[in-house]
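> Sequence:
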Amino acid sequence: VQTCSLFLTTTFWARMATLHSKPQSVRVFGLIAAAASLGQLGSSLAAPALYALMGRSIIFGSALLLCACIVFVRWRSGSADADAAAADASTSAREDSVRLEDSAQQSAGAAGTGTTTATATASGTATGTDTDAR
1 VQTCSLFLTT TFWARMATLH SKPQSVRVFG LIAAAASLGQ LGSSLAAPAL YALMGRSIIF
61 GSALLLCACI VFVRWRSGSA DADAAAADAS TSAREDSVRL EDSAQQSAGA AGTGTTTATA
121 TASGTATGTD TDAR
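All letters in the sequence shown, in the order written, are residues 1 to 134 by our numbering.
Rather than coming from a laboratory, the hints here were simulated on the basis of the structure.
In this text the structure is predicted, and so the values were computed from the model without any measurement.
There may be inaccurate statements among the hints.
[Unchecked claim] So the derived label-pair ranges between C-beta atoms look like this:
1) G61 with Q2: 18 to 24 Å
2) A52 with F29: 31 to 37 Å
3) Q40 with F72: 15 to 21 Å
4) I59 with S25: 32 to 38 Å
5) G78 with F29: 18 to 24 Å
6) S21 with I58: 35 to 41 Å
Here a beta-carbon is modelled for each residue, glycine too, at the ideal position from N, C-alpha and C.
Please put together the full structure from these sequences, using the hints given.
Here you go:
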């Protein structure tokens, strides 16, 4: 039981660290930790009464609650992963644009005798003309 508890706690906090940014984690993690402590206290107080009421079927109820948590985390991480993928695509497009501009400027400096004009299109390709000043 202790190994399972340690594994679940570690996995939970690792997942929370991947889902939340630093400002979000500073704001939310204290509340989550306080609620977890209250939940542990409440469940340890309620366990004897629930066992007297439900008997051994309490294990089945616990397993159902654990499955519900897994489904919720997978649902939540799916929406967070989609948001992260959209943000990564936007960042990647901006970085490609900056690299393209830097490359065009370096080409202009390396041409020596010519003048290079380069423009970046929305699709990330470069169009340019090179005129030789001879």
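> Each of the hints needs a verdict: does it hold here or not?
Okay, the hints, checked on the actual structure:
Look at G61 against Q2: about 21 Å separates their beta carbons, and that is inside 18 to 24 Å. Remark: the range hint 31 to 37 Å for A52 to F29 is upheld by a beta-carbon distance near 36 Å. Take Q40 and F72: their Cβ atoms lie about 19 Å apart, and the range 15 to 21 Å holds. The given range of 32 to 38 Å is respected by I59 and S25, whose C-beta atoms sit roughly 34 Å from each other.
Between G78 and F29 the beta carbons are some 22 Å apart, a value that agrees with the proposed interval 18 to 24 Å. The supplied range of 35 to 41 Å is met by S21 and I58, whose beta-carbon atoms lie about 38 Å from each other.
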